[in-house]
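A.B. asks: Chain H with the ligands: place on chain W using the hints.
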Amino acid sequence: MTDEVTISARNVVKAFGQGNAAVRALDDVSLDIRKGEFFTLLGPSGCGKTTLLRLIAGFEMPTEGTILLDGADITTLPPNRRPVNTVFQSYALFPHLTVAQNVAFGLQMLGRPAPEVKATTERMLALVKLEAMAGRKTSQLSGGQQQRVALARALAPQPKVLLLDEPLSALDLKLRKEMQVELKRLQTETGITFVFVTHDQEEALTMSDRIGVMSHGKLQQVGAPRDIYTRPVNRFVASFIGETNFLSGVTEGAGVRLPVGAVVPVDSPRAGTVTLAVRPEHVRIVAPGEAGAIPATVTGSVYFGTDMNYQLALADGTEIEACVVSGVTGEGALSKGEQVGLRFTPGAVQVLED
Amino acid sequence: MARARDFSVTELPGATLVSMLVFVALYAPILVLIVYSFNAGESVAVWGGLSLDWYRAAWANDQVKEATWVSLKVATGAAVLSTALATMAALGTTRRPAFRGQTFVYVMINQPLMVPEIVTAVALLLVTAAIKKATGYTGLGYLIVAHAAFCIPFAYLPIRARLEGMDLTLETAAADLYASRWQTFRRVTLPLLMPGILAGAMLAFVTSLDDVVITEFIKSPGQDTLPTYMLGQLRRAMKPDVNAISTLLLALTLVLLSAFFLLTRKRK
Ligand SMILES: Nc1ncnc2c1ncn2[C@@H]1O[C@H](COP(=O)(O)OP(=O)(O)OP(=O)(O)O)[C@@H](O)[C@H]1O
Ligand SMILES: [Mg+2]
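These protein sequence lines are chains W and H, in that order. No gaps in the numbering here: position 12 of the first sequence is 12 in full-length UniProt numbering, and each next residue is one more. No gaps in the numbering here: position 75 of the second sequence is 75 in full-length UniProt numbering, and each next residue is one more.
Next comes chain W alone, as it looks inside the complex:
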């Protein structure tokens, strides 16, 4: 991976419909995707992920803005003239062709000589471990195998960018885990830039080099999985990715005073009324009355094997979740109604723009 940009979206707007009934599926999206990276678009249903992918593929034209590929404007180029291929959610394999003919299709349309088509097709089938299925009709394959054919078909013409729209959502959990590893392997082996769409945050966190979190047609945050997880820029990102406790308070010096009176020290204060975000694993339960700890009451607990999740309430009713590693024998387990003190791991408290 380099810092060189492959796909660049500049102030892209996509509106469906006219006048008052128009839906802004994409609202001023600007984004740079780097050469060779595994980039994931993550967001809830209807946030515009597919729309952005379709604009990059050329199936749709933006209402405003431009899309660049390696610096060249491709905004109005038809899909068959873009060196970009798509793995469709429904696979969209040609039912009248065999597996090998499906994989060869793109190369043939590009007018590559027959020996090259044959060699590349074989190489691609080997890459997705489907050599034995070359002569089959696609309807005779399992869902996972069809998925692999779709991948091989899209990779065969060696596109500059591969677009994948929730390619794993139709697979069962076990197969999905396998394909996640497989996809990552293919991406590393081919070095092709992948733009991957999902609404599964775990999938996004484990697979991506960088993630773009979307909501309501807007790009909320772009960054490496760790950045997004540990430094969410706003409440949406913090709550969409992982579990988060939110606390509101007023900035006071180098900390934030909560309504219950305690002051939480923060790294980068922001003036006025702010929202604090703390992951459950950064909430520590200490003895009640310990200096600087926030008094709280245990209201419930859930046992997760290695972890223990406690629900707690502050004096003003604010609910807090804490995740602690549980001892083997369960010693020190807290019971409902117990009074405790809470501390937050230093540096793990995020101050959000509200």
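Hints in this document: simulated from the structure, not taken from any laboratory. Honestly, I wouldn't trust all of these hints.
The following label-pair restraints were derived from C-beta to C-beta distances [stated by the list, open to error]:
| # | chain 1 | residue 1 | chain 2 | residue 2 | range |
| --- | --- | --- | --- | --- | --- |
| 1 | H | Arg235 | W | Gln140 | 56 to 62 Å |
| 2 | H | Val22 | W | Asn20 | 53 to 59 Å |
| 3 | H | Gln102 | W | Gly143 | 32 to 38 Å |
| 4 | W | Thr206 | H | Leu190 | 42 to 48 Å |
Pairs of lysine to any residue, SDA-like flavour, derived with a Cα cap of 25 Å [what the hints assert, rightly or not]:
| # | chain 1 | residue 1 | chain 2 | residue 2 |
| --- | --- | --- | --- | --- |
| 5 | W | Lys137 | H | Leu170 |
| 6 | W | Lys137 | H | Thr184 |
| 7 | W | Lys137 | H | Leu168 |
| 8 | W | Lys137 | H | Leu262 |
| 9 | W | Lys137 | H | Arg265 |
| 10 | W | Lys35 | W | Ile192 |
| 11 | W | Lys137 | H | Glu171 |
| 12 | W | Lys118 | H | Thr184 |
| 13 | H | Lys65 | H | Arg265 |
| 14 | W | Lys137 | H | Ser220 |
| 15 | W | Lys177 | W | Ala126 |
| 16 | W | Lys118 | H | Glu171 |
| 17 | W | Lys118 | H | Ala161 |
| 18 | W | Lys160 | H | Ser220 |
| 19 | W | Lys137 | H | Met166 |
Backbone N, C-alpha and C define an ideal beta-carbon position, used for all residues, glycine too.
C.D. replies: This is chain H with the ligands only, laid out in the frame that chain W set:
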């Protein structure tokens, strides 16, 4: 112990019996026709033993051969022409968002199904007579074009049904894989549409083969098709070779309709 039958709101007493009677009424005459085509006797409707005489007689009759030939030529020409036009019409009417006047276009394409055939026949007669006078051409072209005209809706319906059931993402995928519009049509749309096109062509062929009214109006002398030849025989003493010819026509139609059924049946 006999179980009491469940009460059913959808069952109308006697409906089953009536349907069975209708069924008999539909097929009994055809059965009689088939049986009598193997009659050894001289009369159309008096049984005189089993034989293939009338098939032999029909086979030996030059007029029958000539009419069969005309029928096949006209039906083939009409099927090809109407299927090509119907394919274009189906592509033009389904591959786009709903447009103003869409229903009107559908109705216009299907109008030969609703306008009384005799009206179409008279209208076509007027036009062909004028053209014949102007050009002097008296070939089979008139019959082929006239048949194609009323065969279009029969060819159109299965093609449109096939197109509407087709997954548009397949064409999107082809475009994504560098196929031009024409290549997408040739390599993806057309092969997937083929069963619909063949089914449409078969329906058109059968429809043309069966036509009497329009053919009777348009044909030039010596252009009898099998149905109009048989109609002509009716005016004289009818011989049982008509039974044999009808049975053969029926057999051909059944073969084509079975093929049609196989082509349009939903897979899986
Ligand atoms: N062709 C269209 N016509 C009208 N509205 C559309 C069209 N395509 C998408 N939209 C709207 O644009 C918004 C974004 O849709 P999009 O398909 O990009 O969402 P998504 O993030 O891919 O969602 P999902 O996770 O459910 O696939 C939605 O509100 C959708 O209704
Ligand atoms: Mg989508």
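A.B. asks: Now, for every hint given, state plainly whether the structure supports it.
C.D. replies: Here's how the hints hold up against the structure:
no.: 1; hint: Arg235(H) with Gln140(W): 56 to 62 Å; result: 59 Å, holds
no.: 2; hint: Val22(H) with Asn20(W): 53 to 59 Å; result: 56 Å, holds
no.: 3; hint: Gln102(H) with Gly143(W): 32 to 38 Å; result: 37 Å, holds
no.: 4; hint: Thr206(W) with Leu190(H): 42 to 48 Å; result: 43 Å, holds
no.: 5; hint: Lys137(W) with Leu170(H); result: 15 Å, holds
no.: 6; hint: Lys137(W) with Thr184(H); result: 19 Å, holds
no.: 7; hint: Lys137(W) with Leu168(H); result: 20 Å, holds
no.: 8; hint: Lys137(W) with Leu262(H); result: 20 Å, holds
no.: 9; hint: Lys137(W) with Arg265(H); result: 19 Å, holds
no.: 10; hint: Lys35(W) with Ile192(W); result: 8 Å, holds
no.: 11; hint: Lys137(W) with Glu171(H); result: 18 Å, holds
no.: 12; hint: Lys118(W) with Thr184(H); result: 21 Å, holds
no.: 13; hint: Lys65(H) with Arg265(H); result: 35 Å, violated
no.: 14; hint: Lys137(W) with Ser220(H); result: 52 Å, violated
no.: 15; hint: Lys177(W) with Ala126(W); result: 21 Å, holds
no.: 16; hint: Lys118(W) with Glu171(H); result: 23 Å, holds
no.: 17; hint: Lys118(W) with Ala161(H); result: 36 Å, violated
no.: 18; hint: Lys160(W) with Ser220(H); result: 66 Å, violated
no.: 19; hint: Lys137(W) with Met166(H); result: 18 Å, holds
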